[in-house]
Amino acid sequence: MRRYILRRLGFALVSLFLLSVTIFFFVRVTGDPAVLLTEPGASQADLDAIRQQFGLDQPLWVQYGSFLAHLLRGDFGQSFYYRTDVLELYLSRLPASLLLAAVAMAFSLVIGLPTGIVAAVRVNGWWDSAGKIFALLGLSMPSFWVGLLMILFFSVYLGWLPSSGSGTPLHVLMPAFALGWYFAAAHMRLTRSSMLEVLGSEYVKLARLKGLPEALVIAKHAFKNALIPVLTLAGINLVLMVNVAVVVETVFAWPGVGRLLYEGIAFRDFPVVQATVLLGGVMIVTVNLVVDVLYAMIDPRIRYE
Amino acid sequence: MTGSRAAGLTLAWRFAAFRSEGFPLLPTLILLTLALVAISANAIAPYNPEVGVLGERFRPPAWQAGGSAEHVLGTDHLGRDVLSRLIFGARVSMVVGFTAVIVAGLLGTVLGILSGYLGGWVDQVIMRITDTWLALPALTFAIFLAAIVGPSEMNIVIILAAVYWTRYARVIRGEVLSLKERDFVRLAIVAGCAKRTIMRRHILPNVLNSAIVLATLMLGVVIVTEASLSFLGVGVPPPKPAWGLMLADGKKGLMAGYWWLTVLPGCCIVLMVLAANLLGDWLRVKLDPQLRQL
Amino acid sequence: MSRSTMPGLGALSLIINDAYSALRRSRWIGVLLLWGGLECLAPHPADAAPEGTMTWGLHVTLASRWLDPAETEALITPFMVLYAIHDAVAKPMPAGPITPSLAESWSVSKDGLTYEFVLRKTARFHNGDPVTADDVKFSFDRYKGAAAKLLKDKVREVQIVDAGRVRFHLKEPWPDFMTFYGTSASGAAWIVPRKYIEKVGDDGFKKAPVGAGPYKVVSFTPGVELVMEAFDGYWRKTPNVKRLVFRSMPEEATRATALKKGEVDIVYLLSGPIAEDTRRTPNLKLVPSKPPGVFWLEFPDQWDPKSPWHDRRVRLAASLAIDREAVNQAETLGFSRPTGSIIPRIFEYALPFDPPPYDPKRARELLAEAGHPNGFDAGDFYPFPPYTSMGEALAGYLQAVGIRTRIQTMERATFLTAWREKKLKGLVVGITGAAGNAATRLEAYVTRGGIYSYGVIPEVEDLFQRQAREPDRARREALLHQIQKILHERVLHAPIYELAFLWGVGPRVEESGADLIRSHAYSAPYEDLRLKKP
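Chains as they are written, first to last, in the working numbering: chain A, 16 to 320; chain B, 8 to 301; chain C, 949 to 1482.
Any given hint could be a false lead.
[As the list claims (entries may be wrong)] Cβ-Cβ distance ranges computed for the label pairs, FRET-style:
{"id": "1", "chain 1": "B", "residue 1": "V132", "chain 2": "A", "residue 2": "L87", "range": "18 to 28 Å"}
{"id": "2", "chain 1": "B", "residue 1": "L113", "chain 2": "A", "residue 2": "R18", "range": "28 to 38 Å"}
{"id": "3", "chain 1": "C", "residue 1": "D1151", "chain 2": "A", "residue 2": "D63", "range": "21 to 31 Å"}
{"id": "4", "chain 1": "C", "residue 1": "A997", "chain 2": "A", "residue 2": "L75", "range": "53 to 63 Å"}
{"id": "5", "chain 1": "A", "residue 1": "R88", "chain 2": "C", "residue 2": "R1227", "range": "49 to 59 Å"}
{"id": "6", "chain 1": "B", "residue 1": "G73", "chain 2": "C", "residue 2": "A1316", "range": "35 to 45 Å"}
{"id": "7", "chain 1": "A", "residue 1": "V29", "chain 2": "C", "residue 2": "R1354", "range": "39 to 49 Å"}
{"id": "8", "chain 1": "C", "residue 1": "A997", "chain 2": "A", "residue 2": "V44", "range": "50 to 60 Å"}
{"id": "9", "chain 1": "A", "residue 1": "V125", "chain 2": "C", "residue 2": "G1282", "range": "41 to 51 Å"}
{"id": "10", "chain 1": "C", "residue 1": "T1062", "chain 2": "A", "residue 2": "Q68", "range": "22 to 32 Å"}
{"id": "11", "chain 1": "A", "residue 1": "M16", "chain 2": "C", "residue 2": "D1151", "range": "45 to 55 Å"}
{"id": "12", "chain 1": "B", "residue 1": "R203", "chain 2": "A", "residue 2": "Q59", "range": "56 to 66 Å"}
{"id": "13", "chain 1": "A", "residue 1": "V297", "chain 2": "C", "residue 2": "D1151", "range": "21 to 31 Å"}
[Claimed, not checked] The list that follows gives simulated cross-link-like pairs (lysine to aspartate or glutamate, EDC-like), each with its CA atoms no further than 16 Å apart:
{"id": "14", "chain 1": "C", "residue 1": "K1480", "chain 2": "C", "residue 2": "E999"}
{"id": "15", "chain 1": "C", "residue 1": "K1233", "chain 2": "C", "residue 2": "E1458"}
{"id": "16", "chain 1": "C", "residue 1": "K1371", "chain 2": "A", "residue 2": "D47"}
{"id": "17", "chain 1": "C", "residue 1": "K1233", "chain 2": "C", "residue 2": "D1463"}
{"id": "18", "chain 1": "C", "residue 1": "K1092", "chain 2": "A", "residue 2": "D63"}
{"id": "19", "chain 1": "C", "residue 1": "K1370", "chain 2": "A", "residue 2": "D47"}
{"id": "20", "chain 1": "C", "residue 1": "K1480", "chain 2": "C", "residue 2": "E1459"}
{"id": "21", "chain 1": "B", "residue 1": "K187", "chain 2": "B", "residue 2": "D130"}
{"id": "22", "chain 1": "C", "residue 1": "K1155", "chain 2": "A", "residue 2": "D100"}
{"id": "23", "chain 1": "C", "residue 1": "K1058", "chain 2": "C", "residue 2": "E1120"}
{"id": "24", "chain 1": "C", "residue 1": "K1143", "chain 2": "C", "residue 2": "D1089"}
{"id": "25", "chain 1": "C", "residue 1": "K1097", "chain 2": "A", "residue 2": "D63"}
{"id": "26", "chain 1": "C", "residue 1": "K1481", "chain 2": "C", "residue 2": "E999"}
{"id": "27", "chain 1": "C", "residue 1": "K1481", "chain 2": "C", "residue 2": "E1458"}
{"id": "28", "chain 1": "C", "residue 1": "K1433", "chain 2": "C", "residue 2": "E1407"}
{"id": "29", "chain 1": "C", "residue 1": "K1102", "chain 2": "C", "residue 2": "D1089"}
{"id": "30", "chain 1": "C", "residue 1": "K1092", "chain 2": "C", "residue 2": "D1150"}
{"id": "31", "chain 1": "C", "residue 1": "K1155", "chain 2": "A", "residue 2": "E103"}
[Unchecked claim] Footprint (simulated), chain A over chain C, 3 or more residues, beta carbon under 8 Å:
{"id": "32", "stretch": "1002 to 1013"}
{"id": "33", "stretch": "1016 to 1029"}
{"id": "34", "stretch": "1164 to 1172"}
{"id": "35", "stretch": "1186 to 1197"}
{"id": "36", "stretch": "1208 to 1215"}
{"id": "37", "stretch": "1354 to 1364"}
{"id": "38", "stretch": "1391 to 1400"}
Simulated from the structure, these hints should not be mistaken for lab results. All C-beta atoms, glycine included, are put in the ideal place defined by N, C-alpha and C.
Bound-form chain A, shown alone (with noise of 0.2 Å):
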C-alpha cells in the first residue's frame, strides 16, 4: 500500500511539474504584456524599460530557472498588471471561490440527487423524464447565458436579488446556481447508475425478500450505499469549480479565482496566470490523489493495475 502511495505520489509531482512548464512556455508564447500595459501609441523607451523591470529580456530557460527557484521557496513573485505578491492575492479570491462552489453544489446536489433517484427507480414516467430533462438543461445551456437570462428575471424584472458583486448572501445565489446547475447532470447520471448497481445487488435483494415497504429499501438500504461514488464525484467537482467558474463570475462581477486566472491570462500576467493555473492544479491533482488512494484502500485490486 505505501508503494502504491508513493507512486501515486510520484505522478502527482511530475504532472505538477509537467504543468508548470507547460504555463510557463504556454503564456510566454501568447504575447507580450508590455504592450497591454501601455496605450497603443506608447515609445519603445517605454515598452523595454516594463519588460527590463519583469526580466522579460532574460533568455526564457533563464526565466524559467529563477521562477522555479522562487517557486521552491513558496514565492509566486509579483504580479505585472496590480503590482503586489501573486499569492497574496490569489488568497484573498479563494474564500470567494469556495463560497461560491460551495454552495454551487448544494444546488447542483439538490438537483442531481432526486432526479438521479426518479431515474433510476422509475416510480414515474412523467416525473422521470421531466427531472431528467431539467438536469440535462443545466448541462444545454452555456452558462452565461443562464446568468443573464436570470439577472433579468430576478433582479431587473421581479428586482428579488441584487444584480452582481458580493457581500451579502443574497448575492451568492444566482451565480452558485448558475454554476451547480451545469454539474446537476453529471451528479443525476452517476446517482442513477450506482443506484441501479446497488438495487441489483445481493443485500437489497434480501432486504426486499423480508418484505419491507420498497420506498424504505430505497431510502435505507439502497440510496445510502449509492450515496458513496456520489459524494466522491462531487468532492472532486468542488474543486473543479473552484477552477471553471471563469464565465459565470465575469457575468456576475464575482470576486473569485477564476476571473482572477481570466484576467490574468487577458493581460498577460504570467505570475499570476502561473500562480492561479498551478495552485488550482494542485488542487485538483491532490483531490484525485486522495480518491485514488482511498479506492485503493477499499478495493485492494486496484493497485495492481
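Could you slot chains B and C onto chain A? The hints should help.
Positioned in the frame of chain A, the structure of chains B and C alone reads:
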C-alpha cells in the same frame, strides 16, 4: 405477400421494441432535422448570413410590432437576417461540434488503446500527459490555446479536440485494461497474433461502443464550450454565423429588449445539446451499462 | 471516503477564511480609527461637510499599481484613481490642459533650460505632512512609468531651492517638457510623501497609500473594489461627496443592470444597444466623454508596390466606401465625431480635416480606374479588439463596393503584439488614446522610429526631424501641419471617427464630472462632483 407482411411486422415489432425501451425518438428527429437544415442551408436561407444593412438593424420578428415578413425572425446589430444566420449557424455548429468530437475521439481512442494495451513507458507518457491536462480546467486550457493559435473555425476544432481527447483516452484505457484479461484476447496472444492486429481486430471493435457513447455526450459539452469561448471573445470569429457567437453578440441586446438575438440561438443550442444528451444517455444504457462517470 | 476528503478541504478553507477575516478585521479597525480621527478635526468653516456615497461600475480591473503614481504606464486608466488619491505639481484641469495644482506657479528661464516651481503652502498629504520640494524631487527620482527614460534623459538635475521651491535643470532646451511633465503623458509630476514611503516601503505604500489628493483610501481589494473617503485637508476645496466607491464590473451588461437597479451611480463604457437602452430608461442619463481616441483604417500593404493598396485611388475608394455617420450611430449612438485625420482635433498642433463623404458610387469608379472593376480580394481584416462589431460594419461597407476581406478577430494582446511586429497584413483598424500632442502621435505611426510604422514617406520623416529641433512654436506648428496635409492628400489612412466614451449616469448624481476636464475620459476632478440633495 406473406414475406413482406412478415417483414413489415418485424419492422413494427422492432420499432415497438425501441419505443418500449425508451428510444428517444424526438431527440433523434431533432438531430436529423438540424443536420438536414445544415446540409441544405444554401437552398433554404433567404439571405446571405454574413452581409447586412446597417440601417435595418434590430428589426424584431415578423409577429411583433415593427417586424415584417421580410425578416421573419428579425435582424441583428448589423442588420443581418437572423433566420438565415440560424440556418447557416446550424452548419457551423454541427461542423465544429462533430469534427471536434470525432477528432478528439480518434485521438483519444487510439492513444487510450495504445496506453492500455502496450503499457510500460507508452502508458506512462500518455497517462502523465492526461493527468497534466486534467489539472488544467478545460475552459482555461481552451482560452490559452485560442490566445496562441488565434481564432478560426479550424482552430476552434483543433482547440476543442486538443482539450477533450483526454476524456476518451482515460475511459478507453480502462476498458482496454479489462479487455486484455479476457479469454479471446489471451487466445489471440497465445496464437501469436501481432500486437497491431490484436489492437485493431480484437480491442478496437470492443471499445467502439464506449467511444460512440462518449462522443454523443461530448457533442453537447463541445458546443457549450464553443459558445463560452465566444462569450470570452476567443470563439469562432465573426462574421461567421455560429450559434455560440450569435448568443454572445446578442447578449448586449438582451437588456434593450432585443430578445430574439439571444433567445433564438440559445434555443437552437439547447435543442441540439439536449437532443444529443438524451440520445447519449439512452445509448449509454443500451450499449454500455458499465460506463458511469461520464 | 468522501467524508475523509472533505475535512481536508474544509480545514483549508477555514484557514484561509481566518486569514481573510483577520484582514477584514484590521480594515475595520482602520475605518474606526479613521472615524475617530475625523471627529477630532475641525470642519472647514466655509464648506458644507461632505455627504453621501457615489459608486462607480468600472469597465476595468482595479490594479494596485494605480495607487502609486511612480508606476503610471503610458495609459490613461490609472489617472482615474490618481485624480482621487493624489495630486500633481501641474495637471489637466477644467481651467486648462496644464493647470498649476500643487505648484501655485512656475517660470521658465530665458534660455529654456530651467523650470522653477513654487509650491502651494496649503498643500498637505493625508497624514498631515506638508508637500515639500523634497517630495517633488523624490517623486521624480523614483518615477519609472511612461516617458520616465525620456524625462530623465532630458533633465540634468532637480534642485531643491528651499522647502517651497524646486528647479528642474534641463540638458538642452526642450519645448515639450511641460507637455510630458504636466499632462497625463506621464505620472512624474504626481507627488508622493517621501518620509512615509521611506518608512513603509514600496509594497507597504501600495497597500496603504497616502497622497495629497482630495480622497484618502479606506479599503482596497485588488481587482474588486476601492473605497475612498473625503480628505477635508485638501488644498483646493473640501470635496462635496463623502465617500467614493469604485467597483470592477468587466461585463457590460452587468454594469448596465447594476446602474438600472441603482446599485451604482456611474458606469463607464456602454455601447450599441445597451447604451440605447440606458438612454431610453427614465432617470438614467447617457453621457459622452471625449478622450483623445481616433479610430482609423490602416493600410499596411500600401508600401508594397505590387499590392492594390499601393494605389492612392484604392485607398481613397476604401475611405469613401464607409458611411462613418451610420457606424457612429450604431456603435456610439451618434456621439462620436467623424473625422478626416488620425490626430484628435483637440491636440496641440493638430490640423483638422472634414471626414471624407460617404460615396460608394465614386468608390466603385475609383476602383475601376485603378483596374479593379469587379473589386478585389483584399485579404485579412483585423478589427481592433474588442471593437469587433464596429470592424464587422466597416468590412461590410468595403464588401459593398467590392473590397472583399476576411475578418480575423484576435485577442487584444496577440493583436497588439502582431501589429507591433508588423505581422498584420491587409487591413487593420487602429485606435489609440495615448496622451500627447500631434508630434507624439505622428511619431508612433508615420516616422522611421515609430513602433507601428510599416513604411515611411521620406518627406514626412524629414519634416518630422526638423520640427523636433524647432524651438519656435509657430514654425513648429507649420511643419507639423505640413506633415498632416501630406498624410491627408496621400490617403495614408482612412480616419473614421473620434471616439466618444459613453457613460451611464444614475438619478442621484448631480455633477458626474464628465468632460469637465477636456479630453479626460473619466469623472474628474472628484472634489467637484455632487450628489443631488435628497
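Structure-based check of each hint:
1. B/V132 <-> A/L87: 18 to 28 Å: holds, 25 Å
2. B/L113 <-> A/R18: 28 to 38 Å: Since the Cβ atoms of B/L113 and A/R18 sit about 36 Å apart, the hinted range of 28 to 38 Å holds.
3. C/D1151 <-> A/D63: 21 to 31 Å: Since C/D1151 and A/D63 have Cβ atoms about 24 Å apart, the given range 21 to 31 Å holds.
4. C/A997 <-> A/L75: 53 to 63 Å: holds, 57 Å
5. A/R88 <-> C/R1227: 49 to 59 Å: Since A/R88 and C/R1227 have Cβ atoms about 55 Å apart, the given range 49 to 59 Å holds.
6. B/G73 <-> C/A1316: 35 to 45 Å: holds, 39 Å
7. A/V29 <-> C/R1354: 39 to 49 Å: holds, 43 Å
8. C/A997 <-> A/V44: 50 to 60 Å: holds, 56 Å
9. A/V125 <-> C/G1282: 41 to 51 Å: Given range 41 to 51 Å: holds, Cβ gap about 49 Å.
10. C/T1062 <-> A/Q68: 22 to 32 Å: Taking Cβ atoms as reference, C/T1062 and A/Q68 lie about 31 Å apart, which means the hint holds.
11. A/M16 <-> C/D1151: 45 to 55 Å: holds, 46 Å
12. B/R203 <-> A/Q59: 56 to 66 Å: holds, 57 Å
13. A/V297 <-> C/D1151: 21 to 31 Å: 25 Å Cβ-Cβ, so the 21 to 31 Å window holds.
14. C/K1480 <-> C/E999: Measuring from Cα to Cα gives roughly 10 Å; hence the hint holds.
15. C/K1233 <-> C/E1458: This hinted pair holds, its Cα atoms lying about 11 Å apart.
16. C/K1371 <-> A/D47: holds, 14 Å
17. C/K1233 <-> C/D1463: holds, 14 Å
18. C/K1092 <-> A/D63: holds, 12 Å
19. C/K1370 <-> A/D47: With a Cα-Cα distance of about 14 Å, the restraint between C/K1370 and A/D47 holds, given a limit of 16 Å.
20. C/K1480 <-> C/E1459: Holds, because 8 Å separates the two Cα atoms, which is no more than 16 Å.
21. B/K187 <-> B/D130: Measuring from Cα to Cα gives roughly 14 Å; hence the hint holds.
22. C/K1155 <-> A/D100: holds, 11 Å
23. C/K1058 <-> C/E1120: Holds. C/K1058 to C/E1120 sits at ~12 Å (cutoff 16 Å).
24. C/K1143 <-> C/D1089: Given pair C/K1143, C/D1089 holds - Cα atoms ~14 Å apart, limit 16 Å.
25. C/K1097 <-> A/D63: holds, 10 Å
26. C/K1481 <-> C/E999: Between C/K1481 and C/E999 the Cα gap is close to 10 Å, so the pair holds against 16 Å.
27. C/K1481 <-> C/E1458: It holds: about 9 Å lies between the C-alpha atoms, which stays within 16 Å.
28. C/K1433 <-> C/E1407: holds, 12 Å
29. C/K1102 <-> C/D1089: The given pair, whose Cα atoms are some 13 Å apart, holds under the 16 Å limit.
30. C/K1092 <-> C/D1150: holds, 13 Å
31. C/K1155 <-> A/E103: holds, 12 Å
32. 1002 to 1013: holds (count 4)
33. 1016 to 1029: Satisfied; 6 residues make the cut.
34. 1164 to 1172: holds (count 4)
35. 1186 to 1197: holds (count 3)
36. 1208 to 1215: holds (count 3)
37. 1354 to 1364: holds (count 5)
38. 1391 to 1400: holds (count 6)
Violated hints are absent here; each numbered hint is respected by the structure.
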